[in-house]
Amino acid sequence: MKMTRLLCASALLLSLLSPSVQAAAGAIKVTSLAETDVEVMKAGKKELKRLPVTKAVPGTEVIFTTRFENVSDKTATGVTINNPIAKEMEYKAGSAFGADCEIVFSADDGKTFAAVESLKIKVAEGERNALPREYTNVRWIYKGQLAAGKASEVGFRAVIK
Amino acid sequence: MSKSLKIKLLSRARLAWLLAFLWMPQASWAVSAIAGSTISNVATLGYSMGVGAAAQVQPNIISNATSFVVAELIDPRVTWQDALPVSVNTPGVNSVLTFLLTNAGNGQEVFGLARSNAPAPIPATNFVPVNSVLYDPANTPTGAIFLETNGVPGFQPGLDTPYTPGVNDPNLAPNASQIIYLVSDTPASVANGSKGDVLLTASSKTVGAAGAAPGTALPGLGQGGSIAVVGKTRAQALSTGSYITSGLSVVVTKTILSVLDPSGGVLVMPGAIVTYQIVAALTGAGTATGLVINDPLPANTTYVPASMTLAGVALTDVADADAGQFIAASNSVSVALGNLTSTAVAGVSAVITLRAKIN
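Residue numbers (this note's numbering), protein chains in the order written: chain A, 508 to 668; chain B, 610 to 968.
Hints are not guaranteed to be accurate.
Pairwise CB distance ranges (calculated) [unchecked claim]:
id : chain 1 : residue 1 : chain 2 : residue 2 : range
1  : B       : Gly-820   : A       : Val-630   : 30 to 36 angstroms
2  : A       : Asp-580   : B       : Ala-674   : 27 to 33 angstroms
3  : A       : Ala-654   : B       : Asn-669   : 46 to 52 angstroms
4  : A       : Gly-651   : B       : Pro-828   : 42 to 48 angstroms
5  : A       : Glu-576   : B       : Lys-841   : 40 to 46 angstroms
6  : B       : Asn-698   : A       : Leu-555   : 55 to 61 angstroms
7  : A       : Ala-631   : B       : Pro-823   : 40 to 46 angstroms
Footprint (simulated), chain A over chain B, 3 or more residues, beta carbon under 8 angstroms [to be verified]:
id : stretch
8  : 671-684
9  : 825-839
10 : 937-945
DSBU-like cross-link-like pairs, simulated, lysine-lysine; straight-line CA separation at most 30 angstroms [stated by the list, open to error]:
id : chain 1 : residue 1 : chain 2 : residue 2
11 : B       : Lys-814   : A       : Lys-599
12 : B       : Lys-841   : A       : Lys-552
13 : B       : Lys-966   : A       : Lys-553
14 : B       : Lys-966   : A       : Lys-594
15 : B       : Lys-966   : A       : Lys-562
16 : B       : Lys-841   : A       : Lys-556
17 : A       : Lys-599   : A       : Lys-627
18 : A       : Lys-536   : A       : Lys-627
19 : A       : Lys-599   : A       : Lys-668
20 : A       : Lys-657   : A       : Lys-599
21 : A       : Lys-668   : B       : Lys-966
22 : A       : Lys-549   : B       : Lys-814
23 : B       : Lys-841   : A       : Lys-668
24 : A       : Lys-562   : B       : Lys-863
25 : A       : Lys-549   : A       : Lys-629
What the hints contain is simulated information worked out from the structure, not anything from laboratory work.
Every residue, glycine too, gets a C-beta built ideally from N, C-alpha and C.
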């Protein structure tokens, strides 16, 4: 009984002493966007305009973007962003983008990740390279430091099946 | 992991595999994002606060969720299924053209059907098919159309269902298909080799869809209240099938190819071997089915065993897998040519040879 009380008390004390945990929720602002490039006429010329997805028919290419901004006053490191690819979507080969990022993929719902050239999938005969349409998740490993106030964005394109 | 849990997981995995197999799209243009379904996306960000040894791992941050509803693409396809124009007699009745309607969109969709006999512009040499008088004496655009119903390939009168607009319009799930038959008559006195076209149109019954420009959005009219979007077929698929009047005829000619007498000469005398050639020539367009050539040997001749050939290939004398046989009872040879298809331009022929000895 005494031991339990002591543990509870120390846990409470620890939580009070670590303000970074409390501040975490607001330290980095993360915003997701799903958009499409739509052809619009501007001054008699066709022009691509990026707009939120509306007419999402099969075959539509959707651009998923994740924006992140360090809104704290400290430098953040070891930033990784994970984004699952919906079952109804097919990853567009070579479309993942993100400055200063190592980009890896998963073909097993995020259990394992690897770069495009070494991402394998298990088949009856052993394993083979996973095809872009078999990708289930994208992960960006931000190589730099995210200084206070700094923002960046990563993303990928996928086509509605 | 307990044994029972393992077994449960295994059976679940098997079930999942089975379901995945059952749902595997069969059509080549398969889509899997069903109209009306919502696609959501949430990103997760992990990070540490601080640099180097002082860095402290922080709890993950979850982004807002983006989501959008999959719109319904209305995209019917119709393809004429007969490999070649269907041969008809002149006059002819109840000739069948076969079409396949497929819902290549991603939502359940109802389609209205209509036929147009000899759609404009009509090529100068074409004839105008009419709806089968037996099934549609009024010759209406929606008449003499049948829906494959009994699962047996080909049109079976009384078993495949007549199409009635607004009553049994094909209502197809994504990737589902319906076989459609158009039954027509051919007027009298049409020149041999003339073509007659019939156009089948399948139009989406979604209000405002059929004929609209590709990309037209119809808010709320898609499956599950989603936006319906007109596909590249303008929600109205068309396909033309053709008939051809057939002057198909078979002419069989028998000639003596060579004679070899016992002394090595060419005299027709007892003991001489006569080589006969039979040519079955088809002219005009069409297919002669189950064609059999029977040739009784002339009196006072005896068939030379194993002397029969078809297109230069030896045939055995017994009734077996090959086309030929010698029938001793009637002293004749019989060659089953099966189905021979001839085109109006080229025609087709089969060449048989056999030898007989003069008694």
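Under the constraints set out in the numbered hints, which ones does this structure not fulfil?
Violated: hints 1, 3, 10, 11, 13, 14, 15, 18, 21, 22, 24, 25.
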